[in-house]
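Engineer: Here is how the chains run, residue by residue.
2 protein chains.
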Amino acid sequence: MFLNRMPRWEVLGEEALATVERGWERLAREIGIRFDHPRALRLFAEAGQTVEGDRVRFDPDFLREAARLAPSQFEIRARNPQRSIIVGGDHMVFAATNGAPFVCEGSHRRDGTMADVEKLLMLTQLTDTIDTPGRNIVEPSDVPLDVRHLVRALAATRLTDRVWSGEVSSEGKAQDCLRIADIIHGGRSAIEERPVLLANINVNSPLHFDVSMLEGLLTYADAGQAIIVTPFLLMGAMAPVTVAAALAQQTVEALAGIALVQLVRPGTPSVLGSFLAATDMQSGSPSFGGPESAIGLAASGQIARRFGLPWRSGGGTLTASHVVDYQAGYEAFNTLSAAFLAGANLCWQSAGWVAGGLGVSFEKFIADCELLDLLHHQFSPVEFDEASLAFGAYEEIGDAGHFFGVTHTLERFRDCFWRPTVATTENYDRWTKGGSHDYSTRAAKRCQELLESYTPPPLEGAVEEELIDFVERRAAELRDPIQVRR
Amino acid sequence: MFLNRMPRWEVLGEEALATVERGWERLAREIGIRFDHPRALRLFAEAGQTVEGDRVRFDPDFLREAARLAPSQFEIRARNPQRSIIVGGDHMVFAATNGAPFVCEGSHRRDGTMADVEKLLMLTQLTDTIDTPGRNIVEPSDVPLDVRHLVRALAATRLTDRVWSGEVSSEGKAQDCLRIADIIHGGRSAIEERPVLLANINVNSPLHFDVSMLEGLLTYADAGQAIIVTPFLLMGAMAPVTVAAALAQQTVEALAGIALVQLVRPGTPSVLGSFLAATDMQSGSPSFGGPESAIGLAASGQIARRFGLPWRSGGGTLTASHVVDYQAGYEAFNTLSAAFLAGANLCWQSAGWVAGGLGVSFEKFIADCELLDLLHHQFSPVEFDEASLAFGAYEEIGDAGHFFGVTHTLERFRDCFWRPTVATTENYDRWTKGGSHDYSTRAAKRCQELLESYTPPPLEGAVEEELIDFVERRAAELRDPIQVRR
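Residue numbers (the working numbering), protein chains in the order written: chain A, 49 to 534; chain B, 49 to 534.
Any given hint could turn out to be false.
Copies of the same chain look alike in the list, so a pair counts if it fits in one copy or across any two.
[Said to hold, decoys possible] The calculated lysine to any residue pairs, modelled on SDA-like cross-linking and capped at a C-alpha distance of 25 Å, are:
1) Lys481 - Ser333
2) Lys481 - Gln531
3) Lys493 - Asp421
4) Lys481 - Val470
5) Lys481 - Glu525
6) Lys493 - Arg125
Hints were generated in silico from the structure; no laboratory data involved.
Using the sequences and the hints, build the whole thing.
Structural biologist: The following block contains the structure:
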């Protein structure tokens with residue numbers, strides 16, 4: 049797992065932090081948040097908060113106290129203990145992009161399929177830089193809607209040995225995912241004791257949790273799984289056009305969701321989520337990787353740390369571009385480096401995102417993994433000891449013009465610098481002889497090579513049988529029977 | 049001019065800084081630096097430093113004292129006072145890429161020409177993000193070598209009203225550039241009093257200043273112009289493979305050059321330069337935009353500030369890619385954002401660089417200007433006042449789902465977010481209808497549009513005549529007569 053031991057870039061001064069605090073406290077007290085679920089309203093009322101209809105107005109101190117009940121760091125177990133993840137502190141967890149309906153190939157776009165889901169899961173398993181596939185890297189349009197969660201969870205379990213994320217859009221789907229996790233991890237009480245699933249709850253911003261998200265939140269909280277509460281804020285649309293307001297809103301929304309988790313089951317792992325992008329105010333389209341988003345994300349990390357909560361940054365490697373071009377490179381880098389500079393604990397949407405999140409791209413998945421690898425190195429402190437000063441090298445070269453042959457270099461040349469897999473350092477002649485391929489073309493080639501090297505992680509036959517039986521039985525109950533490939 | 053008022057990202061702790069200090073002091077005392085110029089050696093000897101042959105060993109305190117003589121902030125006058133630049137403090141100055149022999153167009157490469165130089169100067173004049181063309185954005189292969197500096201300086205003067213950079217590779221060429229500056233700015237004593245030229249001196253690292261660079265340094269120092277001393281370090285080639293050693297070497301090389309400037313003329317504006325890239329140790333080719341380079345650059349800013357010296361970061365928007373692709377986007381962004389995070393005062397090579405600096409690309413010039421514009425916004429603090437919390441907007445929307453129509457948005461929507469010129473936020477249908485163009489294609493189109501909008505800045509007829517007469521006379525003296533277009 050990657051540990052970010054570089055200094056944090058703290059973009060907000062005390063005055064700005066105080067302004068955000070004043071903002072979220074006032075929203076909590078005076079505007080409140082709507083919850084479309086009677087159990088949520090009852091729990092808040094019992095906790096002494098002001099409930100009127102579906103609206104809850106909060107005492108800010110109640111929200112602060114609730115945040116304190118959540119652990120500042122926790123583990124989520126994977127079926128391969130080597131792949132378990134730690135959320136919090138200096139640890140950074142990286143997830144693949146999630147939720148795209150389309151696959152973008154070059155400038156062409158098509159519906160995602162289960163075959164795409166499987167390939168993307170295989171890539172996730174193969175890379176060292178992505179820790180979790182998340183919930184659904186792409187929507188499989190060829191699988192009936194009712195049973196997608198079953199098919200996806202089964203595929204994530206069979207094709208990877210990593211932590212995955214449960215379906216949150218209804219109680220039934222959440223229960224199915226928990227049941228699959230039970231089968232793998234030795235029963236419900238075992239997973240309640242030590243969580244094995246992530247569940248990402250998107251707030252219906254502004255200031256609203258809908259019934260389906262609340263069913264997910266309550267179900268996973270009952271089971272003690274790790275819950276991320278993420279206000280999904282396109283500034284200008286779901287939040288005002290100012291970063292200060294967006295941060296205040298994000299804070300109160302996330303704290304309210306986390307407070308509900310803690311009322312259900314105190315101590316349940318909870319993550320303050322952020323997804324801050326701006327709206328292009330001429331077209332109404334979202335834009336990604338811009339300055340407001342980068343600063344907003346960096347500030348979010350500072351805010352989360354004040355509550356002692358692990359922080360999810362969104363994203364990731366976001367871009368509005370439809371192809372893997374210069375724009376995709378700089379927008380992805382700006383979003384991702386903000387997460388590193390601000391010390392995100394969970395980086396959602398970290399590989400494959402294109403087209404404002406409507407598309408997933410195989411080339412960009414590979415490209416983004418290279419960015420992650422680069423930033424893993426960049427945020428690992430370099431040595432500053434006596435040997436690193438290489439004084440002997442200067443004595444050794446005399447008046448020679450270069451350090452290629454000195455002992456200090458020969459001892460270190462294999463791993464002294466980060467080396468990209470796809471990016472080129474070839475000179476023009478070599479690059480031309482190789483076909484003058486741009487980065488995107490090379491990434492597509494690398495993707496093929498990687499996929500050819502895939503072997504599934506071992507899974508005990510009896511467990512696999514039980515999983516398949518469960519999925520087939522549930523699909524039949526849901527009246528969309530499926531036959532799973534054995 | 050852009051002011052970077054965001055907090056600096058300080059990557060080195062006190063211990064690492066002390067290690068670098070120990071390193072440069074030991075290089076200064078025990079290894080020393082070679083100077084291929086008798087005047088330099090004499091000046092150092094007179095100042096009490098140890099001179100043996102062409103090698104000078106330094107008392108570190110002498111170098112520190114010399115650095116103190118240089119101003120921490122200064123102005124360089126442009127012929128249009130609106131375009132004068134301030135170097136130091138929170139100011140950031142951006143220069144176009146410099147020194148490329150080739151022009152890269154798509155995946156094709158060709159020799160640069162004077163027509164390219166002119167177009168790139170026009171772009172520099174047109175953009176708000178680049179403050180200076182520097183010395184030579186591209187080498188004009190169709191102009192004889194002896195007179196290129198004349199033709200270039202004249203073109204920079206006629207096609208832009210910005211500060212430009214003088215030729216440094218011989219005393220004669222430097223004097224010619226000073227004479228051109230004299231003509232524009234009212235005579236030698238006027239420019240000695242208030243500098244009008246930049247001169248970038250590349251150290252022949254490791255630990256060596258050659259005669260041609262020293263002629264340039266001495267000539268511009270005599271004239272009190274602003275001198276940047278830049279160790280050009282490809283780690284693994286001109287410096288050891290460790291960041292600590294590269295920083296120590298960079299420090300002693302830059303301080304030695306600046307000390308020489310201060311011996312010639314105390315108080316002459318001097319800039320600590322850095323250009324840190326890594327070598328691909330398998331191919332021997334330079335690589336750009338990688339982690340070692342980004343961290344090294346960020347650390348360089350910290351070091352320069354300890355000496356109270358303005359700092360030049362190199363670069364810029366560096367990349368090893370031959371085309372304007374994903375690699376070019378992220379490598380450029382990583383180099384450039386390191387300069388912003390570390391508060392560079394001069395950002396050399398900030399627009400147009402491709403192919404490891406061997407090429408200039410018109411598309412990338414445009415693309416990099418967009419990155420600069422983005423980062424100008426990102427590093428301008430956003431407001432955190434009561435109005436920015438937009439409380440009224442929350443009262444106004446009630447249970448509506450978005451903020452598009454609220455007063456707070458309507459008052460701010462025109463300029464609340466940064467808007468790119470070339471990057472797209474179009475949805476897939478719109479983007480497809482527009483031709484499915486990638487970023488590079490759109491940048492080329494934008495370049496054409498910009499060039500068509502060019503008008504030359506006014507220049508007094510008599511001054512222009514005098515400049516042309518001087519250039520034609522000097523060219524004739526140099527036995528490469530030219531006829532300048534009037």
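Engineer: Against each hint, give a clear statement of whether it holds in the structure.
Structural biologist: Here is how each hint holds up against the structure:
1. Lys481 - Ser333: between (41 Å within a copy, 16 Å between copies)
2. Lys481 - Gln531: Neither: 49 Å inside a chain and 41 Å across chains, both beyond 25 Å.
3. Lys493 - Asp421: For Lys493 and Asp421, the Cα distance is within 25 Å only inside one copy (18 Å; across copies 34 Å).
4. Lys481 - Val470: For Lys481 and Val470, only the intra-copy Cα distance (17 Å) is at most 25 Å; the inter-copy one is 31 Å.
5. Lys481 - Glu525: neither (59 Å within a copy, 45 Å between copies)
6. Lys493 - Arg125: Neither: 33 Å inside a copy, 52 Å across copies.
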